[in-house]
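Visitor: Sequence:
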Amino acid sequence: MTPDQITLVQRSFRQIEAIQERAAGLFYDRLWQVDPSTAPLFSKSDMALQGHKLMAAIALVVNGLNRPEVVIPVAQDMARRHVAYGVTRAHYASVGAALLWTLGQGLGEGFTPEVEGAWTAAYELLSAIMTEAAYPG
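This note's numbering puts the sequence shown at residues 1 to 137.
Worth flagging that the hints you see were computed from the coordinates, not collected in a lab. Where hints are given, some of them may not hold.
Stated by the list, open to error - In silico SDA-like pairs for lysine to any residue, Cα to Cα no more than 25 Å straight-line: (1) Lys-53 - Glu-21; (2) Lys-44 - Arg-14; (3) Lys-44 - Glu-69; (4) Lys-44 - Gln-20; (5) Lys-44 - Gln-33; (6) Lys-53 - Ile-129; (7) Lys-53 - Asp-35; (8) Lys-44 - Leu-65; (9) Lys-53 - Ser-37; (10) Lys-44 - Gly-86; (11) Lys-44 - Thr-120; (12) Lys-53 - Gly-137; (13) Lys-44 - Glu-21; (14) Lys-44 - Ile-6; (15) Lys-44 - Glu-116.
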């Protein structure tokens, strides 16, 4: 990611944080529409708590984009745990689609092509790190 992309992601995320409860709800609703196979993964979850965990994880990654030495090991560990919950490699594409859609909803006109490109780059990088850790080889 370029420094400009990192800045775009971090600035735009501040707007999402302001509506984080709504954003989390939008995200999970969209995820289940895009990929119904993900819904059973949350059947026993407190979705309010899950939404807080989601937003905290995104904040950790976004705020750490300038410090990959901190973010990468956390993302790798999270990916390994997700395997035990039933997350598959294919789910990463569904999550990415739901995330970008949610950002578009939350940012409205602020979700410019440049912002979308920056978030896409960030998610592709994170997804690659996580899938490599979760499914080596």
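Visitor: Need the list of violated hint numbers for this structure, in ascending order.
Guide: Violated hints (numbers, rising): 2, 3, 8, 11, 12, 14, 15; every other hint is consistent with the structure.
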